[in-house]
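These protein sequences, in sequence, are chains W and X.
In this text, residue positions in the first sequence follow the numbering used here: the first is 17, and each later residue adds one.
In this text, residue positions in the second sequence follow the numbering used here: the first is 1472, and each later residue adds one.
The set of hints was computed from the structure by calculation and includes no laboratory data.
It is possible that some hints are incorrect.
[Stated by the list, open to error] When the alpha-carbon atoms are kept at most 25 Å apart in a straight line, the in silico DSS-like pairs for lysine-lysine are as follows: (1) Lys1526(X) x Lys2029(X); (2) Lys167(W) x Lys1526(X); (3) Lys1601(X) x Lys167(W); (4) Lys1591(X) x Lys1575(X); (5) Lys1535(X) x Lys1575(X); (6) Lys1619(X) x Lys1602(X); (7) Lys167(W) x Lys1619(X); (8) Lys1752(X) x Lys1601(X); (9) Lys1602(X) x Lys1591(X).
[Unchecked claim] With the C-beta cut set under 7 Å, the calculated list includes, among others, these residues of chain W facing chain X: (10) Ser41; (11) Arg42; (12) Val44; (13) Ala49; (14) Ser50; (15) Leu54; (16) Leu78; (17) Val86; (18) Leu102; (19) Ala106; (20) Leu191; (21) Arg300.
Quick reminder that beta carbons are idealized off the backbone N, C-alpha and C, glycines included.
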Amino acid sequence: VNANVEPRLTRLSRSAAAGMLLWISRTVLALLASYPVLLAVRASSMTAGPEGDAVLFQPGSLMLLELLRVGGPWLSSAATFALVLLGLSAILELIPLAVALDLLATPDRPLLQRAARGFRLFPRFLALGVIALLAQSALLLAASLLGAAFKPMLASADERLRSIAPIALMGLGLLACGWFGGALDIARAPPASTSCRINVARGAGASRRLPEAAPATRVVRCVSEYGRQRARGARCHLVLGVLRSSACFGTNAGTRLRGPSIGDRIRARLARALARCGARAERRKRLNQAGCTFRYS
Amino acid sequence: MRRVTQDLLIGAVFSALSGWFLHALLLGAGTPKAAPAPSKAAEPVWPAVAESAPKVASYAIEAKLDTELHRISGRETIHFVNRSSTALHELWFHLYLNAFKNDKTLFLRSPFGAGRSGDKAKEYGYVDVKKLAIRGGDGQDLWPTRDKHSPDDPDDETDLRVPLPSPLEPGSELTLELEFEDQLPELVERTGFVGSYHFVGQWFPKLARLEANGTFAHFAFHAQSEFYADFGDYDVTLDVPSAFRVGATGSRVSEVHDHGRTRLGYHVENVHDFAWTAWDKFETRSERIAGTEVRVLYPPHHEQNAEAELASVRFALPHFNARYGAYPYPTLTLVHPPETASNSGGMEYPTLITTGGPWYSTIGGGRFIEVVTTHELGHQWFYGLLASNEHAEPYLDEGFNSYAEADAMETQYGAGSVFSGFGLSASSSALNRLFSAARGGDEKVNQGAADFATFRSLGALVYSRTATVLGTLARVYGKERFNHALGVYARKFRFQHPTTVDFMSVMQSELDSRAVTALTLALSERATVDYLVREISNAPLSAAAGVFDGPSGREQKKPEAPRDTAEYASRVVVYRHGTLQFPVEIELGFEDGSKQLRRWDGSGFTFNVDNEGPSRLVSVNVDPQQRILLDDDRSNNWLSIQANSAPHVRESALYAAQVLLGAFGP
C-alpha cells in the first residue's frame, strides 16, 4: 500500500492507536513497578487516618517527613524492589514498542501478526538496547573521570568555572548519550518495516529502472533509499515518544487537577450504577408481586 | 513531508494540552504564600530594656596581619573590673587559638566528624603570649607564672590560670598589657586561612567570664562547645595590606593608608567578642535596614547570594526587633566566605555573622541562604545580647535561636520556609520535628556542650528538639502568647547572661506552671509524649434488657430487635504514652460525614471519648491541627474503620515510574 494514498483518517487513527498502545503498556508496567512503594506506604499506617494519604501532601511536609522517619527501612527496601521491577518493565516495554512501530510503518497487517512480529524483534531490540546502555554508561563514566581529572587543574580558577566545568562535561556526556539514544531509535525502527538488506535492494531496483544512470548515481540512489527508511524510523520514534510522554504527563496532570484517584472515582461510579440497577430490579420485583404491570419507560 | 507535519501536529496537540495542565498545576501548587498582614491587636507591654551592659572586660587591640605567613602580631590592653562579690587571687585566660596547636589538644583529639565542621587541621595554629604585665605595677611579666596547661589536661593550652601578685578587691579595676603573636591554622571551625582569605576568630588572649560569686567560668576549647564571655567595649586597630578588604565587629572609625598597608580602626560597645575577616577578593554591598548599616562582603560572582542575604535581613531584622527588642548596634556585617572556605560559614559574632553556600545557592526551590542568614542574625539576640553560657547551657542560645529562626522563616515564607518546589514544600518546624523525634530520647537537652555523646546528638537535641519543644508550647498556648513570653525573656535579661532558672521564671509568670513543668521535663529529663488511638467501637443503642426489680415487682425485659433507624453508642480510647502532658484535641468523624471536636486536658494516661448519635463513628484523629510537635509517633494518632487507601501516593508513584521508564526505558 502506498502510504501517500492511504486515507488520512486511517493513518491518523494508526498513529493514535500506536500512542495509545504505548501509553497503556507504560501505565500497566509503571503500576507494576510502583506497587511495592505503594504497599510500603500503606503498611506504615500513615495513610490510615480519616484523610487517607492526603496528609502526606500537606504544606510543610510534616507528615511526609514523618513517613520517611517511621517507614524509612521499609520504603528503602520497597524502592530497591521497585527499581528492579522498573528495569524489568523497561525490557518488557520493548515488545509493545515493536508493535507500535509496526503499526506506524505498516498499514495493513492483522493484530496477531503484529504481535508475533513484536516478539520476534524483541531479542534484537534488547541487544541494541544493551549495546546503547553500555555505550552511554561508558560515556558518562568518561565525563565523570574527566571532570575529576580537571578538578586539581581548576583549583585556583574562578569559583563558577570550578563548579560549572564538571557539570558541563557531564552535560556533554548526556548529550552524547542522547545522540546514542537517537542512533538506537534509528537502528531499530526500520526492522519494523523492512530490513537493511531489503532497503538496499530497493534502492538498487530503483536505480536499475534508470539504465542511463552512471554507477555513482546508482550508489547514491541505494544510499538515499536506505537513509530515507532510516529517517522514517527516526520520525516514527519521535512521534511515538511525543505521544507517549504527553499522554502520561497529561493524564497525571489531569488527575491532579480533577482530584485524587480516578480509579476510585470510577469504582464509586460503578458501585452507584450497580446500586441503581439493584434498586430498579427490586422495585420491579415489588411491583410484580403487587400485581402491577411493569413497563420499561 | 506532509505526513511528518501531520504526525508532529498530533504530538503538538498532546503537548499543548500537557502544557495547559502544567500551567494549571504550577499555578495551583507554586504560588508563593504572601506574608500574613501584621495583626492589629493591642500593642504588647514589654519590660524595660537595658541600654548598656555591665562592663567587666574591655579590650584595646592593635594587630598586624602578615598575609603571606598568616601571622598576626598584636598588642592588647585589657581593662578589667572585679564586679564579683569576692576578692580575686587569679585570672583565667582563654587562648582558644591553641586548640589548633597539635593533634593532642582537647579540640583536635576529639573524634572528627563529631565536631561542627568535621575537619581536622592541615596546618596548625597557635597563640604565643610574649608578655603580660599590670599597668602601673612593678612591670613584672606575669606570664611565666601561669599554669602551663589547662586544668587536668597536660596536652591542652586553651584555658590557663595566671596568679595575681595581689588580691583584686570587689569593685577594683585592673589594666593588663599583653603582647602576643598568632599563627593562624588552615581554616578549621571558623578560624584560619585558605589562600589569601583569612577569617580571624578566637584570636586574642581573652579573659574568661567572671561570675557574680567570684569564680571564673573558664573551660578548655572543646570541639562541640561555643563561647561565654563578659561584656565590654572594644577598640581594635587592624593593619592589613591595602589590597585587602576587611569586615569586622563594630563600626569602622578610622582608615589610614601608609606604604601599601592600611590601618583600620574599629570601635564597638557592649559586646563580648571581636572577630574579623580580610581577603583581597571580597566584593561589598551596603544598605541601611531598620536604622542599621548592613554591609555584605562576598566573593566574586555571588551577587545573587548577596541579594538573597540582604533580602533576608530586610525582613528578619525588623521582625527580630519587634519580637526580642531593638538591635542596639549601628552596624551589621555579613560575610559570605568563598566556597573553599566554607568552614568559616554559618557562624555568629557580635555585629558580624557569616553565611555560606556556593554561587548557585539561590537556584532551585531551597532557601539555604535565607535559613542561614536568618539563623545567624537571630544569634545577635540570643548569643549576642543575652549572652548565656554556651558551654554549660548551649540550648539557651542555639535552641532558642532555632525556634526564632523557624518562626521568622515561617512568618515570611509560610509552609515552604525551607523548600518550596515541584509541588512539595518543607517547613523549618517539620524538619526540626524530624530530627527531634529521631533522637529525642537519646540524651537530655539541658546539659553542657562537651557532655553530649556526639555533635550529631547535640545538633538534634540542642537545636532541633529545643525548637520543637518551644514550637509545641507556641502551638498549645497560642503563638502570640508564647512569642510574647519569649520576647519578655529576651528584653528582661538583655546583657544579663541568663540561665535556665531565669528563663523558667519568665515562663512561670507569662504562661503558667504547667508550661514550666513541661519545659523542665522535656529539656532536663528526656521526657517524651505520644498520643495514640487503638480501636473504635460502635454498638446500636437499645433499651436495657434483663431482669429488673422495681417498686411494682420484678420485671423482665427482652432485648429489642435491631431497628433500621438505630442510634449508636460509639467509643474510642485515646492513650498518652510518656510523661509529658499537653492538652489535645480529638476529632471524631461519623458515617454521615459530620465531625465533632473533643478536648482532653492530657492528664491521666487514657481518655474515653463516648458519643451517642444516629451515625456510627468511623474515624478518629488525635491532634488534627498538629499542635503537639513533640508527639513521638504521629502515625498512631488516627484510626479509620474505612478502607486504608493511598490514592495520592499511587498516582505520584505511578507517574514517577512512568517518567523513569521514559528516561531509562526504550
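Structure-based check of all given hints:
For the hint linking Lys1526(X) to Lys2029(X), the alpha-carbon distance of about 87 Å lies beyond 25 Å, and the restraint is violated. Between Lys167(W) and Lys1526(X), the direct Cα distance comes to roughly 51 Å. Violation of the 25 Å bound is thereby established for this hinted pair. Between Lys1601(X) and Lys167(W) the CA atoms are separated by roughly 43 Å; this puts the pair beyond 25 Å, and the hint is violated. About 12 Å separates the Cα atoms of Lys1591(X) and Lys1575(X), which keeps this hinted pair within 25 Å; it holds.
A threshold of 25 Å between alpha carbons decides the hint, and for Lys1535(X) with Lys1575(X) the separation of about 29 Å lies outside it, so the pair is violated. Among the hinted pairs, Lys1619(X) with Lys1602(X) is consistent with the structure: their alpha-carbon atoms are about 15 Å apart, no more than 25 Å. The suggested pairing of Lys167(W) with Lys1619(X) is violated, with an alpha-carbon distance near 44 Å, which exceeds 25 Å. Between Lys1752(X) and Lys1601(X) the alpha-carbon distance is near 33 Å, which puts this suggested pair outside the 25 Å criterion.
Straight-line distance between C-alpha atoms of Lys1602(X) and Lys1591(X) comes to about 30 Å, which puts the hinted pair past the 25 Å bound. At a threshold of 7 Å, the smallest CB-CB gap from Ser41(W) to chain X is about 10 Å, leaving the interface hint violated. Checking Arg42(W) against chain X: minimum C-beta separation of about 6 Å stays under 7 Å; hint holds. At about 10 Å, the closest approach between the beta carbon of Val44(W) and any beta carbon in chain X exceeds 7 Å, and the interface hint on this residue is violated.
Here the hint on Ala49(W) is kept, as its CB sits about 4 Å from the closest CB of chain X, short of 7 Å. Using the Cβ-Cβ criterion of 7 Å, the hint placing Ser50(W) at the interface with chain X is satisfied: the shortest such distance is roughly 4 Å. Taking 7 Å as the C-beta cut-off, the interface hint given for Leu54(W) holds, the closest approach to chain X being about 5 Å. The interface hint given for Leu78(W) is met, as the beta carbon of that residue sits about 4 Å from the closest beta carbon of chain X, less than 7 Å.
Restraint check, Val86(W) versus chain X: the minimum CB separation of about 5 Å is within 7 Å; hint holds. Here the hint on Leu102(W) is kept, as its CB sits about 6 Å from the closest CB of chain X, short of 7 Å. With its C-beta approaching chain X no nearer than about 4 Å, Ala106(W) sits inside the 7 Å limit, and its interface hint holds. Annotation: interface hint on Leu191(W) violated; nearest CB of chain X at approximately 15 Å, more than 7 Å.
Checking Arg300(W) against chain X: minimum C-beta separation of about 22 Å lies over 7 Å; hint violated.
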